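> Okay, here's what each chain looks like letter by letter:
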Amino acid sequence: MSGVLAFLRNSWRQLTSMRTALTLLFLLAVAAIPGSVLPQRSVSAENVAGYFRVHPDLAPVLDRLGFFEVFAAPWFAAIYLLLFTSLVGCVVPRLADHVRALLRPPPAAPARFERLPFHTVVEDPETVNFKGWRKLKRELPDGTVTVSAEKGYLKETGNLLFHSSLLVILVGVGIGAQWGWHANRLLVQGPEQAFCNSLQQFDEYGLGPMVDPGDLPPFCLELTGFEASFLDNGIPKWFEAEVNGDRKFRVNHPLRLDGASVYLLGHGYAPILKYTDAAGKSQTTVSPFLPLDGMLTSEGVAAFPDANGSDKAKQMGFEGLYLPTAGMGRSNHPEERDPALMLMAYRGDLGLDVGISESVYQLNKEKLTRLGDAKMLKKGDTWTLDDGSKLEFLGTKQWITISIRHDPGEPIVLAGVALLLVGLPMSLYGKRRRVWLRLNPDGTAEAGGLPRTDYPGFEDEFKKVTQWPRSQTTS
Amino acid sequence: MAALSDNVLITITVLAYLVAMLLHSADYAFGRQSHIAKAAVRERELVGAGGPPVVEKAGGFLIGQEIKPRAKLSMLQIALGATVLAGAAHLATVVTRALAAERMPWGNMYEFVLTVTLLGTLVWLAVAIVKPEVRHLGLFVVLVQVLLTGVAQIVLQKPIGPLVPALDSYWFVIHVASVATASALFLVGFAASLMYLLRSGYDKGKRGGLYPYGRLFANAETVERLSFRMHAFAFPIWTFGVTAGAIWAEAAWGRYWGWDPKETWAFISWIVYAGYLHARATPSISRRAAAWIAVIGWATMLMNLFGVNIFFEGLHSYGGV
Ligand code: HEM
Numbered sequence: 083m084s085g086v087l088a089f090l091r092n093s094w095r096q097l098t099s100m101r102t103a104l105t106l107l108f109l110l111a112v113a114a115i116p117g118s119v120l121p122q123r124s125v126s127a128e129n130v131a132g133y134f135r136v137h138p139d140l141a142p143v144l145d146r147l148g149f150f151e152v153f154a155a156p157w158f159a160a161i162y163l164l165l166f167t168s169l170v171g172c173v174v175p176r177l178a179d180h181v182r183a184l185l186r187p188p189p190a191a192p193a194r195f196e197r198l199p200f201h202t203v204v205e206d207p208e209t210v211n212f213k214g215w216r217k218l219k220r221e222l223p224d225g226t227v228t229v230s231a232e233k234g235y236l237k238e239t240g241n242l243l244f245h246s247s248l249l250v251i252l253v254g255v256g257i258g259a260q261w262g263w264h265a266n267r268l269l270v271q272g273p274e275q276a277f278c279n280s281l282q283q284f285d286e287y288g289l290g291p292m293v294d295p296g297d298l299p300p301f302c303l304e305l306t307g308f309e310a311s312f313l314d315n316g317i318p319k320w321f322e323a324e325v326n327g328d329r330k331f332r333v334n335h336p337l338r339l340d341g342a343s344v345y346l347l348g349h350g351y352a353p354i355l356k357y358t359d360a361a362g363k364s365q366t367t368v369s370p371f372l373p374l375d376g377m378l379t380s381e382g383v384a385a386f387p388d389a390n391g392s393d394k395a396k397q398m399g400f401e402g403l404y405l406p407t408a409g410m411g412r413s414n415h416p417e418e419r420d421p422a423l424m425l426m427a428y429r430g431d432l433g434l435d436v437g438i439s440e441s442v443y444q445l446n447k448e449k450l451t452r453l454g455d456a457k458m459l460k461k462g463d464t465w466t467l468d469d470g471s472k473l474e475f476l477g478t479k480q481w482i483t484i485s486i487r488h489d490p491g492e493p494i495v496l497a498g499v500a501l502l503l504v505g506l507p508m509s510l511y512g513k514r515r516r517v518w519l520r521l522n523p524d525g526t527a528e529a530g531g532l533p534r535t536d537y538p539g540f541e542d543e544f545k546k547v548t549q550w551p552r553s554q555t556t557s
Numbered sequence: 016m017a018a019l020s021d022n023v024l025i026t027i028t029v030l031a032y033l034v035a036m037l038l039h040s041a042d043y044a045f046g047r048q049s050h051i052a053k054a055a056v057r058e059r060e061l062v063g064a065g066g067p068p069v070v071e072k073a074g075g076f077l078i079g080q081e082i083k084p085r086a087k088l089s090m091l092q093i094a095l096g097a098t099v100l101a102g103a104a105h106l107a108t109v110v111t112r113a114l115a116a117e118r119m120p121w122g123n124m125y126e127f128v129l130t131v132t133l134l135g136t137l138v139w140l141a142v143a144i145v146k147p148e149v150r151h152l153g154l155f156v157v158l159v160q161v162l163l164t165g166v167a168q169i170v171l172q173k174p175i176g177p178l179v180p181a182l183d184s185y186w187f188v189i190h191v192a193s194v195a196t197a198s199a200l201f202l203v204g205f206a207a208s209l210m211y212l213l214r215s216g217y218d219k220g221k222r223g224g225l226y227p228y229g230r231l232f233a234n235a236e237t238v239e240r241l242s243f244r245m246h247a248f249a250f251p252i253w254t255f256g257v258t259a260g261a262i263w264a265e266a267a268w269g270r271y272w273g274w275d276p277k278e279t280w281a282f283i284s285w286i287v288y289a290g291y292l293h294a295r296a297t298p299s300i301s302r303r304a305a306a307w308i309a310v311i312g313w314a315t316m317l318m319n320l321f322g323v324n325i326f327f328e329g330l331h332s333y334g335g336v
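Heads up: the protein sequence lines correspond to chains Y and A, in order. Per the working numbering, the first sequence runs over residues 83 to 557. Per the working numbering, the second sequence runs over residues 16 to 336.
Calculated directly from the structure, the hints in this document are not laboratory data. One or more of the hints may lead you astray.
Stated by the list, open to error - Once the Cα atoms are required to be at most 27 Å apart in a straight line, the calculated BS3-like pairs of lysine-lysine come out as:
(1) Y/457 x Y/217
(2) Y/513 x Y/330
(3) A/146 x Y/513
(4) Y/479 x Y/513
(5) A/146 x Y/546
(6) A/173 x Y/319
(7) A/146 x Y/545
Please read these numbers as outputs of a predicted model, since none were measured by experiment.
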């Protein structure tokens with residue numbers, strides 16, 4: 083039994099030693115490296131898929147070991163949890179010691195000042211200035227009077243504050259992971275596309291394990307305006323979106339709602355197309371086209387499933403490129419200076435009701451027939467197809483992609499970091515030192531000084547304390 | 016103004032650093048008398064009669080020789096003067112670039128590297144003025160500056176453009192200013208650690224590779240303390256800079272930390288430097304081991320500055336190589 087206890091005690095001592103802390107710190111740094119070298123799911127799922135394609139043998143093995151989600155991998159967690167255990171094991175006893183040191187008066191003067199790194203004979207004890215020091219006067223039975231003075235308690239206070247704040251940060255991060263959520267969506271301008279905050283309305287979302295879909299705060303958003311300005315070379319200078327008629331937000335200036343923030347991530351154009359079938363029945367779509375390059379050459383589809391009397395074999399689909407400033411097969415500028423739409427027409431079964439949600443940005447061409455060559459349409463142009471039906475390019479609307487997020491851990495993390503930033507300089511620049519003064523019964527006096535941390539300036543301070551010019555103390 | 020900055024001033028800057036480097040090398044090669052003499056005297060005072068044989072050898076030919084204050088400028092002073100001129104040209108390069116761009120000169124990698132290195136020179140000159148005994152360290156500092164400004168001019172230079180909207184934030188200004196300052200301090204700290212490693216290695220009898228140069232440097236303890244001071248000064252600024260980056264990331268991307276490659280390497284550097292401070296504070300760990308950790312720390316900083324922008328794709332890629 084005592085053997086087990088001894089073993090446990092020994093292990094604990096090992097775990098809380100500085101060497102172990104150092105080793106764990108290094109392990110953590112090394113373990114983070116694959117997280118930057120290999121693609122990570124949390125950063126880009128497409129890149130992970132790409133890695134699987136290029137390394138079909140290696141990727142599944144790496145995946146099983148968690149290398150595509152390093153920062154959520156059990157071995158990564160094991161390292162930081164051990165580190166934090168070691169941290170607690172280190173901080174708690176030091177906290178107790180420090181509290182004791184704060185309560186205890188400065189220790190009695192050593193018997194022989196010559197053993198101290200600094201000592202001097204004091205000519206005139208009246209000049210010793212202990213202002214700002216924590217001090218205690220002791221009168222010994224033989225008539226000797228000693229003064230013990232200590233300074234620099236803030237160093238250890240800062241150090242403990244700093245290390246504890248790391249725990250606060252860890253807690254904040256954990257709360258964010260459990261109770262945070264995010265959702266992304268593409269939002270086209272106009273009241274038809276307005277939406278309210280419910281999960282079905284999102285293109286993609288992630289809820290923390292403790293979040294119930296019903297917990298999401300209620301709000302509705304309608305994109306009522308979007309402005310962008312670009313340089314002549316196409317580099318964006320500025321964008322701003324406006325929702326619900328009066329609330330503007332842009333990159334770096336999210337929309338802060340009650341319980342969530344909305345971030346502007348991207349933007350593009352959605353051509354408005356009107357298809358009139360041979361029977362004269364028309365249908366209008368607004369289809370967001372996704373940018374392929376910085377000049378907003380965009381790709382997309384427009385589908386008309388109800389065309390031609392809802393005959394499934396005669397549905398209509400169009401696929402192609404939108405060029406805000408028409409160039410040779412690509413856009414020359416992201417602004418709509420000379421907008422053009424290059425479309426290919428398809429007829430047949432669009433396959434929209436198969437159940438599996440098809441991408442709205444690509445046509446499933448399995449049961450579709452292409453009708454002739456691609457056609458270039460300018461704004462307002464009408465394209466008459468072989469059966470007399472018409473496609474009209476009416477114009478475009480703006481769309482934006484937004485991310486809606488809530489992280490309840492944020493204020494905790496921020497508070498932790500603030501404490502850390504307070505504690506760190508205190509800890510790094512603080513200096514603990516002690517000075518003793520002894521007045522001997524024969525009238526002589528001496529002083530000794532001990533810097534308890536690396537402190538090259540102590541000698542000067544010691545001189546200043548012990549040989550304070552009289553003129554300054556008489557005031 | 017742009018042409019002046021991007022063609023003329025940057026070239027003068029790189030060449031001036033090169034000249035300063037050559038002068039420092041010349042100081043090591045020919046001008047040694049003055050400072051070896053000083054170092055030897057200092058060491059005799061410090062070590063006393065029982066000093067290691069190495070010291071006696073270094074100062075051997077000087078024992079008994081009078082060291083007169085020399086009226087002439089030493090090679091070292093000239094090298095330092097050249098560094099001041101290089102720093103002035105460097106400052107002019109950055110300022111004219113900022114004026115031409117009508118914004119802070121931190122819009123892309125080229126500008127960022129120029130700013131970090133400029134701060135590095137300023138930090139170094141401040142150290143060299145306050146602590147004359149470490150001036151030989153200038154060789155390392157200037158060597159790093161030649162490499163970094165040279166790479167900036169030849170590989171990274173980009174024409175002036177406006178800030179992309181994502182960079183248009185005051186947190187960006189705070190973030191870059193603090194990260195650049197911390198990097199500059201780490202740079203000088205790294206140079207001091209390197210010098211300490213060579214000097215202490217030499218003192219321990221190592222003679223391979225670069226160690227023989229160690230004999231030319233200031234007292235090992237002095238540079239080691241300088242290195243610690245630089246790192247201890249830089250670490251909270253670095254911490255603050257990373258925090259400002261996280262606050263900015265929250266405003267721009269909706270999350271304060273997303274393990275983007277740049278963030279990952281900032282984390283790695285932070286951990287390694289925390290390791291350095293721990294190692295330095297642990298008596299059972301040698302100062303040399305701590306100095307090696309500082310060298311690794313600087314390697315991770317370089318990895319973040321160059322490697323991440325070049326090798327990895329991430330949100331910070333708009334920095335543009
Ligand atoms: C999350 C992990 C940790 C980080 C990031 C960290 C970071 C730091 C930093 C940056 C310092 C320098 C500030 C100063 O010198 O006062 C420091 C000091 C210190 N740390 Fe840690 N630490 C960690 C864990 C630990 C653990 C587990 C221990 C206990 C074994 C520990 C014990 C100490 C001590 C005693 C000092 C003071 C050194 C001195 O005398 O200056 N730390 N820590």
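> If a hint holds in the structure, say so; if it doesn't, say that too.
For each hint, the structure was consulted:
no.	hint	verdict
1	Y/457 x Y/217	violated, 91 Å
2	Y/513 x Y/330	violated, 51 Å
3	A/146 x Y/513	holds, 22 Å
4	Y/479 x Y/513	violated, 65 Å
5	A/146 x Y/546	holds, 23 Å
6	A/173 x Y/319	holds, 18 Å
7	A/146 x Y/545	holds, 22 Å
Checked against the numbered hints above, the structure breaks hints 1, 2 and 4 and satisfies the rest.
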